[in-house]
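Given the structure of chain A, go ahead and fit chains B, C and D with the ligands onto it with the hints provided.
Residue numbers (our numbering), protein chains in the order written: chain A, 1 to 209; chain B, 1001 to 1335; chain C, 2001 to 2707; chain D, 3001 to 3123.
Take these hints with a grain of salt, some might be off.
[Said to hold, decoys possible] Below are the EDC-like pairs computed for lysine to aspartate or glutamate, each with C-alpha atoms no more than 16 Å apart in a straight line: (1) Lys1335/B x Glu1149/B; (2) Lys2360/C x Glu1080/B; (3) Lys132/A x Asp71/A; (4) Lys1115/B x Glu1159/B; (5) Lys2360/C x Asp1077/B; (6) Lys1119/B x Glu1159/B; (7) Lys1313/B x Asp2083/C; (8) Lys174/A x Asp100/A; (9) Lys1218/B x Glu1136/B.
[Claimed, not checked] Distance ranges between label pairs, derived from CB positions: (10) Phe3120/D x Phe2480/C: 44 to 50 Å; (11) Leu1317/B x Lys67/A: 46 to 52 Å; (12) Phe1114/B x Phe3120/D: 19 to 25 Å; (13) Thr1252/B x Trp2651/C: 51 to 57 Å; (14) Phe2480/C x Thr1127/B: 36 to 42 Å; (15) Phe2311/C x Thr1161/B: 35 to 41 Å.
[Said to hold, decoys possible] Sample of chain A residues at the chain C side, in silico, Cβ under 7 Å: (16) Thr23; (17) Leu44; (18) Phe74; (19) Ser137.
Hints listed in this document are in silico derivations from the structure and should not be mistaken for laboratory results. Glycine included, C-beta positions come from ideal geometry on N, C-alpha and C.
One-letter residues, chain by chain:
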Amino acid sequence: MVITASEGSHTEDPAIAEGHPPTSTGLSNEKVAMWAFLGSECLLFGALISVYLLFKGQSQPNTITPKNVYDIPFTSVSSFVLLMSSLTMVLALAAIQRGDHRRLRIWVLTTALLGATFVAGQMYEFTTFYSKGLKISTNLFGSSFFVLTGFHGAHVTIGILMLLSLWNLSVRGKLPANRSETVELVGLYWHFVDIVWIIIFTLVYLIPS
Amino acid sequence: MSRTHRRVRFGVILALAALAVAACSPNAPQTTLDPQGPNARTISHLINPVFWVAGVVFVLVEGMAVIFVIKYRNRGDAQEPVQIHGNSRLEVGWTLIPAAILVAVAIPTIATIFKLSHKPAHAINVTVTAHQWWWEYNYPDLGVTTANELHMPLNQPLEVTLIGADVIHSFWVPALAGKQDVVPGRINHMNMTGDKVGTFLGQCTEFCGASHANMRLKAMVQSPQDFQSWVDSQRQAAATPPAGSPADGGLTLFTSKGCSGCHTVQGVSDGKVGPNLTHLQSRTSFAGAIFAMNPDNLSTWLKNPPGVKPGSKMPNLNLSGDEITKLVAYLETLK
Amino acid sequence: MTIVTDPPARPPVAQPPDQPVRLLRRPTGYTKGIWSWVTTVDHKKIGIMYGVTAFIFFLLGGLEALMLRIQLGSPNNTFLSADTYNQVFTMHGTTMIFLFVMPLSAAFANYMIPIQIGARDVAFPRLNAFGYWVFLVGGLFMYSSFILGGAPNGGWFGYAPNTLKLYSPGHNIDFWVFGLQILGIASLTGAVNLIVTAINMRAPGMSLFRMPIFTWMSLVAQFLLLFAIPVITVALFLLMFDRTFGANFFNAQAGSDPLLWQHLFWLFGHPEVYILILPAMGIVSEVIPVFSRKPLFGYQVMVFSGIAIGFMGWGVWAHHMFATGLGPVATSAFSASTMFIAVPTGVKIFNWLATMWRGKITANAPMLFAVGFVAMFTIGGLSGVTHGVVPADTQQTDTYYVVAHFHYVLFGGSVFGLFAGIFYWYPKVVGHMLSDKLGKIQFWLFLIGFNMTFGPFHILGLQGMPRRIYTYPSHRGWDFWNMISTIGSFVIAAAVLLFIYNVWSSRKNPKVGNDPWDARTLEWSIPSPPPEYNFAEVPLVTARDDLWHRKYTEDENGRSIPRHPADAAAEADTEAVVRAAVTDEGSGDGDGSADDAHEGGDANDGDGHEADGGGHEEHEPHIHMPSPSYWPAFTSIGLAVICYGMIYRVWVVAILGGLWVLGGLYAWSLEPATAPDEPELDTEPSTDLEPVGAGPAGSPDGDGGSD
Amino acid sequence: MASEAEIEETPVPDGGAVVGHATDEAGAPHAHKHPTEGQYVLIALFLAALTAVEVAVYYISALKDLLVPILLTFAIVKFTVVVAFFMHLRFDSRLFRRLFVLGLALAIFVFTIVLTTFHFWSR
Ligand code: HEA
Ligand code: HEA
Ligand code: CUA
Ligand SMILES: [Cu+2]
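Just chain A, same shape as in the assembly:
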């Protein structure tokens, strides 16, 4: 969902100038919104994962099964890549909080790059599966696999877009240190996408049907 920049009008209170906390909890609107949104996302992926678990074994006999197509070493590598992108993401945040804009940009770009690598890996995976005859319409495994991992891939892609716009803002000097929270928000989303993959990697790939 769209979590946009705040327009928290409390900040216009004359009161605030006198040092009141600008929000009643003292927490920023964006961050509360982001966490609420992530809570909501839990149910989205919860549903998708359950559907996969329910159906992966229900395909008609002698159609393609996970065993036929999965390439664990390959997926392990891309999982590792995504995991590491979480590291570079926190480093980016730490950088801007230090006011180190150069490193911020480096790390943001690295994160985006790692993310892109992951997505590329997923595209490669999809195409190989496809060439092995697994389509979304082939059987229940195909349907639930492509939809689940596809949804995750879409989330990663959106994250990449967000990272790139961060970088672009920073380059245009529109991302002062005092707005580090913008980076933090993107980071929260990014890490969430990462932990979802942690679950998917285990439940979908490693645990055999």
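Just chains B, C and D with the ligands, lined up with the frame of chain A:
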């Protein structure tokens, strides 16, 4: 505020009238309130007391609402009411009492759920296959297949296996048992028994497309003897019309016009798309039990099935009037 | 409704008055006319738009209902063809739930929550506007199906496999799938926004347990939305993949179990029904105390029972599937959980009754509708409990008995509650009263027509009449009660028309003061209609029902007595003058005349103690409200483009729509919350804000794209 | 009857229902409480190691019957570490934790039931 009085009276009267009319309605052949078998009876014994509980709560709440509005209405006296902010004891009270009532309702409910789910001893097996928009009945042990009209012997449980052919339907004979959905990809079971001889109406109750309203059925509870003779007649092969008769012409058309591709007539064809017609005339109604079985209705049907039954999967075969008379003549022989 | 035509539009004082409005230029608070509505980010204007749009959809849904009733009025009727009937009842249900009750509740939440908690706007004004436009686009999108080859016809819960392409070729169902998907976006953004608002924008002293109960119940409803929407989103996506890309999620032949759809749908659907009722319960909990002149009985219990309902609502969904063959264990569990939801709900009913007990009751229109809610909702609730008795439900399910149940809770509950809210808050929103006399007549017509229409459904259901049948034969014993019901539905229609007339004919009614009902909560401490910034000075809240406690205290035996009647009146006057001077808007005057317009207590007391009592005009120029924006409306349209592209498989169009949305979001997130030409903290935030990065700071972050 | 004093004046903790206390360890940014970059790297290494072990376990046939529990534990550990440290949930306001855990717990609760109704665990 006498309006309010009238309002209550109106409400109460409506409720009572409702129950009255509903309870003793001989002219409501599909009612749930007049069970004709043990399962349905168990259910109504379970629910009737609950209705009374609900009635009591209803009177209580409505009564208080009306009385308070009248009794405490603003009489324009200067004095303000005492500002009561709450009362823990009371609130605990009206938390626990409903909870207690509900426990009292839940226990017999759950008991009944399990009771009804028991598979009866020496039951007759019947497989009900729900099609858009008609019912197929199969007695595997008796080797009988028929449509829309279910026959069952008095006081002998029927173990029903429900199979969905296309979309979700729901099989229901209110007088005998609660409904059970027919879900494609799942095999559901239910059982029902009739302990009164008679014909009881039922209907598909899960929305299943254009003719959901036209997917009705009948359950015919017969004395064991009648049931047995029905079974015997169903077992016979289809009658073959005398050569040269119009019916005989109908028989040729039956194959040439493709009827045979969809319909089974023992010894003639075994189509699986539509109802088995071998003993069509042994049924009192057809096409989802919406038309009485008579030559006129049959010819109207053959003229344009989807025309008289929206969406029907039996296509319009553009038969000429003459063909139709022949076909009907043939169908008339399928006793 | 005429409200739209005379908006309380006033420019923020900060605006340089000489700004031409050009499309390419950012709209300002000075933008007038239709554009001031298209671009507004003011939660009040957005609330009004939500309300008006929802009401229009109510008329459409009602019109469809009347068609249903005409068709069913007599056996073997041919007024509607089978397929038309299926389209009409599907759209009737979908409209009433997703395009009427939900958005009307959203209208009240949008308008009232910020004011009730003493805020100047919601947390994310532009996101708020976006939510409205997405809702509108979604509604129009779904209705466009009528002219594009047929409306959805799978029922409002669109059970698969009937909704698969194989059994529902044609685009009817596609419009339903994509339409609900769009509406889901609106609900989710709204939920996030209002949750953050209620958590974060409360005025000093407005602790959670001082929040007005309507805000509380709406907050719970928003949490239910937050967690329920993603579930139906998934369900709809699965169905979309089945229909559009040949996936097999609900294809039994491929080994799937179609019950998955029912689980996902009702996992959303049951919380949904509490989303439909909780705001109405909140409204009733505001109205009954005001017109009983007593505080809400057991405020805390009311809050907690609301939360309890919210939680329990997640454990009962399978009660919609009692006939599907879940097995005795599962059904027993869900049967029990279902019944016990009656407990927290009952607590509410009895607390409302206790609030009226020994009160000083004014039985005017809002109060009548509120009491009507208590009376009629109880009936629906009780039939709900009988549904919970599983064996009985196997007789009741998918019959008119269910239709009776949910109309008693939805119409007797939600709709009565919402109308109570309309009559209660109308003077606050529009500035003058509706005719109470007409309101009362409407109430009685509603009550009689409603019971005539839906009471007989109980009997019809028990007599075995299935729902969703376009026709029924005679001699089933159903003819009589169906006719009665049809007549009743026209009585309701008359009542609705009477309401429209009431709105129209009351437009010249005298302006009312801040507090025409002598009410208890903050929204009544500010002018009617409120200025754009709501509170000239953010109020300091010292008690629950803060306004009441500014006006009254209690004598030794607990009766409320005015605090200081004298200066209350005095201040009110000065204050009226002050505001009249400050805002070019006569909301201050006419206080006196308000008295004869209604039975509410003295219209004057109360405002006097409001924060802006005198001397604050020099603050005003420094209140910058966030500036209007084109982007929310612009972006929302892209969603429809995507969906048309998907439905007609013109992928380029779909992609264009996607770019449209992305572009809109990007422009939006780069656009500062408050136009730069207003002296604003935006481009380089002043340091006292950083710690929490709140406020306009952080506007340009790219995460506008996160979906 | 509870007196007004009881109801109105008793300070009601914000923490009550769904959200954090108003003056919950919030307000100023928590950067200082956050791990240092060095610690971040260590955490990442730890996660990488876990992943490696996971994959290893997958191939060790000796662990076949223990596979599922082991893998699940690892996944949960990784999940928690990322949430706690990279997403700072361990240091941030309780409100954030509540929001996230509410969604997570709800998801686990309802979907466990859904799968159960499909007899998922017994097949
Ligand atoms: C506003 C929306 C709303 C609300 C609030 C409710 C409230 C309840 N609903 Fe309803 N329900 C719907 C909307 C709603 N429902 C809709 C739309 C459908 C149909 C969907 C479809 O199929 O199209 C439906 C269907 C539905 C079913 C499925 C029926 C079927 O298809 O077979 C069931 C089954 O248990 C049910 C139960 C309940 C219960 C137990 C409550 C409880 O919350 C009610 C609790 C309230 C009371 C009980 C009254 C007050 C309490 C007291 C006065 C205390 C004392 C009472 C006792 C001791 C009993 N509902
Ligand atoms: C809030 C929800 C809500 C509301 C308010 C209503 C209101 C009404 N409903 Fe509805 N109904 C549902 C929700 C609602 N319904 C749902 C969810 C279903 C299930 C759908 C499904 O099975 O999928 C349903 C199904 C349903 C059915 C069953 C259809 C079937 O199963 O075959 C019927 C049948 O009579 C019915 C009737 C009515 C009537 C007569 C009204 C009346 O109260 C309507 C009163 C309003 C008016 C009469 C409007 C006045 C309009 C005018 C006066 C004309 C002016 C118009 C213009 C100027 C444009 N409804
Ligand atoms: Cu079959 Cu309805
Ligand atoms: Cu429900």
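Here is what the structure says about each hint:
1. Lys1335/B x Glu1149/B: It holds: about 15 Å lies between the C-alpha atoms, which stays within 16 Å.
2. Lys2360/C x Glu1080/B: holds, 7 Å
3. Lys132/A x Asp71/A: Status holds; Cα separation ~12 Å.
4. Lys1115/B x Glu1159/B: holds, 15 Å
5. Lys2360/C x Asp1077/B: With a Cα-Cα distance of about 9 Å, the restraint between lysine 2360/C and aspartate 1077/B holds, given a limit of 16 Å.
6. Lys1119/B x Glu1159/B: Holds, at roughly 7 Å.
7. Lys1313/B x Asp2083/C: holds, 15 Å
8. Lys174/A x Asp100/A: holds, 14 Å
9. Lys1218/B x Glu1136/B: Within the cut-off at roughly 12 Å; holds.
10. Phe3120/D x Phe2480/C: 44 to 50 Å: Once the Cβ atoms are compared, 49 Å apart, the range 44 to 50 Å for phenylalanine 2480/C and phenylalanine 3120/D holds.
11. Leu1317/B x Lys67/A: 46 to 52 Å: holds, 50 Å
12. Phe1114/B x Phe3120/D: 19 to 25 Å: 23 Å Cβ-Cβ, so the 19 to 25 Å window holds.
13. Thr1252/B x Trp2651/C: 51 to 57 Å: Holds, at about 53 Å.
14. Phe2480/C x Thr1127/B: 36 to 42 Å: Given about 38 Å between the Cβ atoms, the range holds.
15. Phe2311/C x Thr1161/B: 35 to 41 Å: Roughly 39 Å apart at Cβ, these two residues keep to the hinted range, so it holds.
16. Thr23: Since chain C brings a Cβ to about 4 Å from threonine 23/A, closer than 7 Å, the hint holds.
17. Leu44: Since chain C brings a Cβ to about 4 Å from leucine 44/A, closer than 7 Å, the hint holds.
18. Phe74: violated, 25 Å
19. Ser137: holds, 4 Å
In this structure, only the earlier hint numbered 18 is contradicted, and the remaining ones agree with it.
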